[in-house]
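All chains should be modelled from the sequences, with the hints used to inform the complete structure.
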Amino acid sequence: MKHVYGWLLLTPAAILLVGFTHYPAAATLFDSLFSTGTVVRPSRFVGIGNYAALADDPIFWQVLGNNFWFALGTIPTSMTIAMLMAIWVNDRLPARALARMAYFTPTVLPMIAVANLWLFFYTPQIGLLDQINAALFNAPSHNWLGDPRTVLACTMVMVIWKEAGFFMIFYLAALQSLPPELEEAARMDGASRWYFFRRVTFPLLMPTTLFVLVNATINSFKLVDHLFILTKGGPDNASSLLLYYIYQVAFSFFDTAYASTLTVVLLLLLAGLALVQFQLIERRVHYR
Amino acid sequence: MRTLLALLLTGLLAAATPARAQTEITFYYPIAVGGPLTKVIDGYARAFEKEHPGVKINPIYAGNYDDARIRALAALKAGQPAQISVLYSIDLYELIEQDVIVPWDDVATTAEEKAWLKAFYPALMMNGTYKGKVYGIPFQRSTIVLYWNKDAFKEAGLDPEKAPADWTEMAQMATKLVKKDARGNVERWGVMVPSTGYPYWMFQAFARQNGHDLMNPEGNRTNYAHPDVIAALQYWRDLGAKDRVMPEGTVEWGTLRQQFTEGKTAMMWHTTGNLTAVKNSAKFPFGVAMLPASKQRGSPTGGGNFYLFKKTTPAERKAALDFVKWMTTPERAADWSIATGYVAVRPEAYETPKLKQYAADFPQAVVARDQFKFATAELATFQTGRVRKLLDDAIQAALTGQRTPAEALKAAQTEADRLLKPYR
Amino acid sequence: MTAAGRRAPLLETAAAWLLAVLWLSPLLYAFWAAFHPVAYATRFELFAPLTLENFARAWTYAPFPRHFLNTVMLVTMILAAQLVLCTLAGYAFARFDFAGRDVAFGLVLVQLLIMPEVLIVENYRIMSRLGLVDTILGIGLPYMASAFGIFLLRQTFKTVPRELEDAARVEGCSFLGVLWRVYVPLARPTYLAYGLVSVSYHWNNFLWPLVITNTVETRPLTVGLAIFGAPESGVDWGVISAGTIMAVAPLLVAFLLFQRQFMQSFMQAGIK
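In the order they appear, the protein sequences are chains A, B and C.
Letter 219 of the first sequence, counting from 1, is numbered 219 in the numbering used here, and no numbers are missing.
Letter 83 of the second sequence, counting from 1, is numbered 83 in the numbering used here, and no numbers are missing.
Letter 177 of the third sequence, counting from 1, is numbered 177 in the numbering used here, and no numbers are missing.
If you're looking for bench data, these hints aren't it; they were derived computationally from the structure.
Check each hint, because a few of them may be wrong.
Stated by the list, open to error - To give a feel for the contact side, a few chain C residues facing chain A, derived at Cβ under 10 Å:
| no. | residue |
| --- | --- |
| 1 | V38 |
| 2 | A39 |
| 3 | R43 |
| 4 | R125 |
| 5 | N205 |
| 6 | R260 |
As the list claims (entries may be wrong) - Pair ranges (Cβ atoms, derived):
| no. | chain 1 | residue 1 | chain 2 | residue 2 | range |
| --- | --- | --- | --- | --- | --- |
| 7 | B | P363 | A | L136 | 40 to 46 Å |
| 8 | C | L109 | B | K283 | 57 to 63 Å |
| 9 | C | L28 | A | W69 | 28 to 34 Å |
| 10 | B | E187 | C | L252 | 51 to 57 Å |
| 11 | A | F137 | C | A15 | 19 to 25 Å |
| 12 | B | D66 | A | T11 | 46 to 52 Å |
| 13 | A | I132 | C | A39 | 18 to 24 Å |
| 14 | A | Y23 | B | N64 | 49 to 55 Å |
| 15 | C | L10 | A | L136 | 37 to 43 Å |
| 16 | B | K283 | A | A97 | 57 to 63 Å |
| 17 | B | N64 | A | L136 | 37 to 43 Å |
| 18 | C | L252 | A | L136 | 28 to 34 Å |
| 19 | A | S192 | C | L252 | 36 to 42 Å |
| 20 | A | F137 | C | L10 | 23 to 29 Å |
Just so you know, even glycine gets a beta-carbon here, dropped at the ideal spot from N, CA and C.
Structure, rendered in structure tokens:
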């Protein structure tokens, strides 16, 4: 009986999960072995042909590299800022509710909306960044989004701004679950603030850090909304990311087979992350 | 006898019915400029119905150009009615590859109808013609023009009524127009040409001015690596890198208008579609001119055409032809141009009293028309999305100094050849 | 949130505040640009005149009421379906020792990693086969069976003491009755937390709705805003800012009013 009930309860969700996650994932793999069909040229089996094309596609390697730098640039920074924020708003900061709100607000705003505001920040000459630069440092105007050396960094700054408050929440929760006696004991011993953080808080936050790290890494493959407004991946793909490239290939080049091939790569990357995640979680269990 | 009469009557009725039956024409159209244009289109449809009883027109607004294409194709696939549509002029090859459209020549059979096919500006027909047949009838079309700030010209000691006529002059004037503050930081640039959004479109103008189109009419060959084309990109690059009259790197399409109206650049190249917006927000007198020449003048066209779908009955095709003809009469073309800011698609439209009067009040509006004799088709090929992006990337790579114009364009040409080989 | 921790040193307080101002500045700018005439969009003068004209224009430029309606319908529909589906599935995983449970659970968790965004290409095909392209149902469907929700509710249900269930059974409750009378009421905080997270996620979601919709009748706010504010169309900053503020206002106001609940929800949901 329990088998029947168990499966009955599960069925509605299972149908949707299989229909929109497992089946499409498998179909993606399948489609990546065929060419894109049109009315004039029907689709045919090409084996690993699409993967060979992928290996030869400089844009693919570029967006993959961009994705790597994007992850490397956003994750540690936003996590550090998040930890700092959490420690600050956990302290008796004056008007800390207001600060907490300020930090968290970007999380509830749609990326697509705020990207428009950031576009204004980065616009040369009339943009806020250039105005401030000119007023404070008399610096010449810089073409922030038009320069391949700065464009990726500019998108990273925006993403850090968007994500840090979200990660802060997890650190805050962890900090609040730490026993207050620890800090009192440390104060009795005359430990410095930095020493206490380094030797007590930081190690105790380690499980949270791992958790946030994995989430942030997965996110770094999913966050592409800003590209639609800020740069469209340009100049010359300097700010493009894997998922955005998939979107372009599928919906602007209409090459669904190649888009599927790219998606397979993305799925493999995510699967790799999953393995790491499981191992981390296991270690976490032992640690406890 | 009575039976015979009845039979005869029935026969007569049956014969008469097809002629009186309602023919329905459903068409999808995009809107890419501001304003309550759906009302204008609906108004046209109602007026046409009044003059042509027995034909019903259902215009369906379908968003921007991409949406309209997707929506029309989806409707056709799902078996929903759609007889004609206004779609992006450069969707031609995609629509041919999908095998959903037929040429207008198939339905335009009388001498008068054949003449109608030739009534438009030739520049506007280029994007709609494939293998000698007309697939796209121009409807909402635009082009690139040069805007200049007359106050800035005065300040720099230039004639405020005279725009640069050629490349050398533009670079020289731009140099004079650059304004720096005490510390040497640029306060105002000489000229800006946008290089995000539609870099290929802007570059087509440069290439055309230097004597070349970027693709063949069959849409299966590109001409990215011709020495003159490379020289055109070099000129664009040099405006920023050597002459220092334009910021280095890419210039954002979307914020450029703001930079112009804020006086941060003395000249800009932009679509005619921005005319009204500039008119409304510029606090200084400004002029609109044809783009400067190198070997010749030149600009690509852009915008939407009427296409006729394959899955249509002869009666529907006839009604569709009547409707599109009606939509493109000189009077309607003039009216539509005034309502939208698009160019009127045929010369006679500019002879109508209405448009003559409008042009007299707002002379900037006819610059685009005058430029038509130098205009060329917008970049469109088979695999158009990819082939276009190759060029976009090459342009941006050159403008940002990642690669030389020659390297970038040659690489793009090689890749385009690979993509287009199956279509030759 | 208890008043734990000690007072931060002055330097850190200053840094914390500087960061807070920085973090709020894009929003502050949006308010500046939205409430001032276009001429002041890029110029900051204390006594610049105020105006509501940008809002009026934004309102006429894009069919905001329709986008609002679409978003509200979308968010409500997704949440309702999620609550039902995840409750049932979470209950199954928490309390029924059925054959293949662990494998099934593993397969559910796959979705935590492969979010529907990743599968836009294939899901678009599925939707067109189902005839659901350009429908609100089509936007919502891939998100309805949420692995995250199932996981969260399973964890919560597992903490419910068995004795409560047994007592309800003795009183003659069916197994669905037990779920409704015992488990659901006890999981109320989890539902609230999950609901807030889900609503704010889907209010802000963009990529999949962009792909699957192509008319005003189905487009949610984010997509409407992207098209309306697309740099190509060359709309003014003031109008874009006004549109942005209108689009985020409901969520922002809700957030400001229920800040504490919001943050606690995100916390709870995140900790698992």
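Do the hints match the structure? See the list:
1. V38: 12 Å, violated
2. A39: 12 Å, violated
3. R43: 9 Å, holds
4. R125: 7 Å, holds
5. N205: 8 Å, holds
6. R260: 9 Å, holds
7. B/P363 / A/L136: 40 to 46 Å: Taking Cβ atoms as reference, B/P363 and A/L136 lie about 45 Å apart, which means the hint holds.
8. C/L109 / B/K283: 57 to 63 Å: 60 Å, holds
9. C/L28 / A/W69: 28 to 34 Å: 30 Å, holds
10. B/E187 / C/L252: 51 to 57 Å: 37 Å, violated
11. A/F137 / C/A15: 19 to 25 Å: Because 20 Å falls inside the window, the suggested range holds.
12. B/D66 / A/T11: 46 to 52 Å: 38 Å, violated
13. A/I132 / C/A39: 18 to 24 Å: With Cβ atoms ~20 Å apart, the hint holds.
14. A/Y23 / B/N64: 49 to 55 Å: 32 Å, violated
15. C/L10 / A/L136: 37 to 43 Å: 23 Å, violated
16. B/K283 / A/A97: 57 to 63 Å: 44 Å, violated
17. B/N64 / A/L136: 37 to 43 Å: 40 Å, holds
18. C/L252 / A/L136: 28 to 34 Å: At 30 Å between Cβs, range holds.
19. A/S192 / C/L252: 36 to 42 Å: 40 Å, holds
20. A/F137 / C/L10: 23 to 29 Å: Taking Cβ atoms as reference, A/F137 and C/L10 lie about 26 Å apart, which means the hint holds.
In this structure, the earlier hints numbered 1, 2, 10, 12, 14, 15 and 16 are contradicted, and the remaining ones agree with it.
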